[in-house]
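Colleague: Mind docking chain B on chain A? Use the hints.
2 protein chains.
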Amino acid sequence: MSKYWSPLTASLEPYVPGEQPKDKKYIKLNTNENPYPPSPLAIAAMTDAINEDLRLYPDPNCDVLVQTLAQHAGLSPKQVFVGNGSDEILAFAFASFFDPGKPVLFPDVTYSFYKVYSKFYGITPKLIPLDDQFNINVEQYTGDHGGIIIPNPNAPTAMPLLLEDVEQLLKNNADQVVIIDEAYVDFGAESAVTLVNSYSNLLVIQTLSKSRSLAGLRVGYAFGSEELIEGLNRTKNSFNSYTIDRVALAGAVAAIEDQAYFREMTAKVVATRERVAETLESLGFIVTPSKANFLFISHPSFAAKQLFEQLREQGVLVRYFASPRIDNFLRVSIGTDGEMDVFLQLVKQLTH
Amino acid sequence: MSKYWSPLTASLEPYVPGEQPKDKKYIKLNTNENPYPPSPLAIAAMTDAINEDLRLYPDPNCDVLVQTLAQHAGLSPKQVFVGNGSDEILAFAFASFFDPGKPVLFPDVTYSFYKVYSKFYGITPKLIPLDDQFNINVEQYTGDHGGIIIPNPNAPTAMPLLLEDVEQLLKNNADQVVIIDEAYVDFGAESAVTLVNSYSNLLVIQTLSKSRSLAGLRVGYAFGSEELIEGLNRTKNSFNSYTIDRVALAGAVAAIEDQAYFREMTAKVVATRERVAETLESLGFIVTPSKANFLFISHPSFAAKQLFEQLREQGVLVRYFASPRIDNFLRVSIGTDGEMDVFLQLVKQLTH
Chain A
1 MSKYWSPLTA
11 SLEPYVPGEQ
21 PKDKKYIKLN
31 TNENPYPPSP
41 LAIAAMTDAI
51 NEDLRLYPDP
61 NCDVLVQTLA
71 QHAGLSPKQV
81 FVGNGSDEIL
91 AFAFASFFDP
101 GKPVLFPDVT
111 YSFYKVYSKF
121 YGITPKLIPL
131 DDQFNINVEQ
141 YTGDHGGIII
151 PNPNAPTAMP
161 LLLEDVEQLL
171 KNNADQVVII
181 DEAYVDFGAE
191 SAVTLVNSYS
201 NLLVIQTLSK
211 SRSLAGLRVG
221 YAFGSEELIE
231 GLNRTKNSFN
241 SYTIDRVALA
251 GAVAAIEDQA
261 YFREMTAKVV
271 ATRERVAETL
281 ESLGFIVTPS
291 KANFLFISHP
301 SFAAKQLFEQ
311 LREQGVLVRY
321 FASPRIDNFL
331 RVSIGTDGEM
341 DVFLQLVKQL
351 TH
Chain B
1 MSKYWSPLTA
11 SLEPYVPGEQ
21 PKDKKYIKLN
31 TNENPYPPSP
41 LAIAAMTDAI
51 NEDLRLYPDP
61 NCDVLVQTLA
71 QHAGLSPKQV
81 FVGNGSDEIL
91 AFAFASFFDP
101 GKPVLFPDVT
111 YSFYKVYSKF
121 YGITPKLIPL
131 DDQFNINVEQ
141 YTGDHGGIII
151 PNPNAPTAMP
161 LLLEDVEQLL
171 KNNADQVVII
181 DEAYVDFGAE
191 SAVTLVNSYS
201 NLLVIQTLSK
211 SRSLAGLRVG
221 YAFGSEELIE
231 GLNRTKNSFN
241 SYTIDRVALA
251 GAVAAIEDQA
261 YFREMTAKVV
271 ATRERVAETL
281 ESLGFIVTPS
291 KANFLFISHP
301 SFAAKQLFEQ
311 LREQGVLVRY
321 FASPRIDNFL
331 RVSIGTDGEM
341 DVFLQLVKQL
351 TH
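Taken in sequence, the protein lines are chains A and B.
Residue numbers for the first sequence follow the working numbering, beginning at 1 and rising by one.
Residue numbers for the second sequence follow the working numbering, beginning at 1 and rising by one.
Same shape as in the complex, but just chain A (with noise of 0.2 Å):
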């Protein structure tokens, strides 16, 4: 504490990133990273986007990579932001629409970053537990309130939602915004983005960093009706105008049309996830049905913290989070063929 601190500041419980240690080279199952490398043709792009015009501000607006999205998503530029990682739009869209007079709805387990948006800007968070099965239920989502967010899939429990269920929520409140953080959306469940044309409370967020292996880039981007674009934009330039550099604004653009790439990779990544859930309920552990790039699993028999240290000591790190109702799990990152292989022998030999 510091008497030269703002009360805000004080007060602030800020985020915990997942831990980054480098005491020794260990199996990475913790982040969420892609364990594939980004495309070639972003790899090529950034290349050459390493030049003297690094000496020019890059273009605020971000024209070329908004009309790329545009294309891609079948909408037009004036329906896309794009901001410095998912994260710098989420905190944008907490100030842009959610108003602090009014408490905003989000699952009682999920991104954990939502409760420290709320304590910045003086939001009230009113969470919406999750059923036994950790599932959502959208009924729920109603009554006088200041917006929702949801992440689709939801975080750490990995499990989807149904496009039917996130149009019920958009119908149901329509006087606010629904925010659909869709970070893991493209590892299985479906995308939001389809109903932008038809409802202008939607807003729907999605990054680089995990399907298109650019988390090292700090690229995220967001789809909605033009007037919630607007509004992140207003939010935006009233915080930094120049939010992405010149290399990430090449690379993306180059990731987003690389199509083929995206769906080879994203393909390799389900299939190991199928293969080591199926792995893992054989010996016993209770799998949730993901539709992420990771599981989220608990054993019956044996302790999450327990198995979360040994793991460690044998230079596998995956997440725990010491949270209600979710103490007794374990968030597993999908990695290689081989980097699953040392997990479920390490995990086989630890729960025997």
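Treat the hints with caution; some may be incorrect.
Repeated chains share a single entry, so a pair holds when one copy, or any two copies, can fit it.
DSS-like cross-link-like pairs, simulated, lysine-lysine; straight-line CA separation at most 30 Å [said to hold, decoys possible]:
hint	residue 1	residue 2
1	Lys24	Lys78
2	Lys171	Lys3
3	Lys268	Lys171
4	Lys78	Lys3
5	Lys78	Lys25
6	Lys22	Lys78
7	Lys24	Lys171
8	Lys171	Lys22
Hint data in this document are derived by calculation from the structure and do not stem from the laboratory.
Modeller: This is chain B only, laid out in the frame that chain A set:
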């Protein structure tokens, strides 16, 4: 206006960046970019960073860059913060140190984003007038207030503050944070970094955009007491934990390390500035005593707005601000000697 915007977003008055027209090739003297390329060592480091590791998140704490900056500034890593351009650091600093309950002091003529941040955080700015020669009188920065921010050199006036004046500000306002925004300091003004160890209320913000020719990379940094840096980190980690991508981190480290190149390029810009200032004075212009990489000029007989438009027609972009007190001035970035010769030739024709 949209019914979905929060009251905050509806009330914002966003920043308008300098124009980046795409209709034809201009001599760009309007956004204070450096006319010389980035360090070859920075180019090489960025090229090396374009690899498969981009699938992984960057270091959220930017440890290597923080250590490099600390070493070059003679400070400890806990006295250094890194952001996605100095604008992002300014946005975090307004949130971290300026209490909306009290006015924040800054010059009436200064970087226009300060008013925008104030609006974003519900802070009331108290504008302290520059004197008739655009000097800052630090004795006027007193009273019951919530903090002070001043650029050194000031923008767009280009005029520096003496280090003894900065120290006076710090002494006179020991209970409030004083931010010195040193975006342009490397072109001849005195940095307040040397005061960081003596004044725990001082935050110094710098950037790679101007003196390191890396506006396209989006990296800024700040030096201050450990408690101020901790405050910035609390705010950052309530907003976006991974603000700097892997390529930018690599390029920034190399750019800071290449001090020889940095000194050579800033000296070239300074030499051109002095020559151009002299020529403009010989043409009858008032030229403020600049220590920045731009000039702030006015002609007693020719209206700035008209000159701005005429120069634009002839393919030379400069910056014109339709703001009180400075609406007969132009801000002219220092380009290469060749670019400035074209500019001077045109100005000579237009004012004769």
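Colleague: The structure should be examined with respect to each hint, and the outcome stated for every one.
Modeller: Comparing the hints with the structure gives:
Proximity of Lys24 and Lys78 under a CA criterion of 30 Å is satisfied inter-copy only: 24 Å between copies versus 46 Å inside one chain copy. Taking the shortest Cα distances, Lys171 and Lys3 sit within 30 Å of each other only across copies (16 Å), while inside one copy they are farther apart (47 Å). In the homo-oligomer, the alpha carbons of Lys268 and Lys171 never lie at most 30 Å apart, since the shortest distance is 36 Å inside one protomer and 62 Å across protomers. Taking CA atoms no more than 30 Å apart as the test, Lys78 paired with Lys3 passes between copies only; the shortest distance there is 18 Å, against 44 Å inside one copy.
Taking the shortest alpha-carbon separations for Lys78 and Lys25, only the inter-copy value of 26 Å comes in at or below 30 Å, while the best intra-copy value is 44 Å. Proximity of Lys22 to Lys78 under the C-alpha cut-off of 30 Å is restricted to the inter-copy arrangement: shortest distance 19 Å between copies versus 43 Å within a copy. For the identical chains of this complex, Lys24 and Lys171 are neighbours neither inside a copy (51 Å) nor across copies (47 Å), given an alpha-carbon limit of 30 Å. Proximity of Lys171 to Lys22 under the C-alpha cut-off of 30 Å is found in neither arrangement, the shortest distances being 48 Å within a copy and 42 Å between copies.
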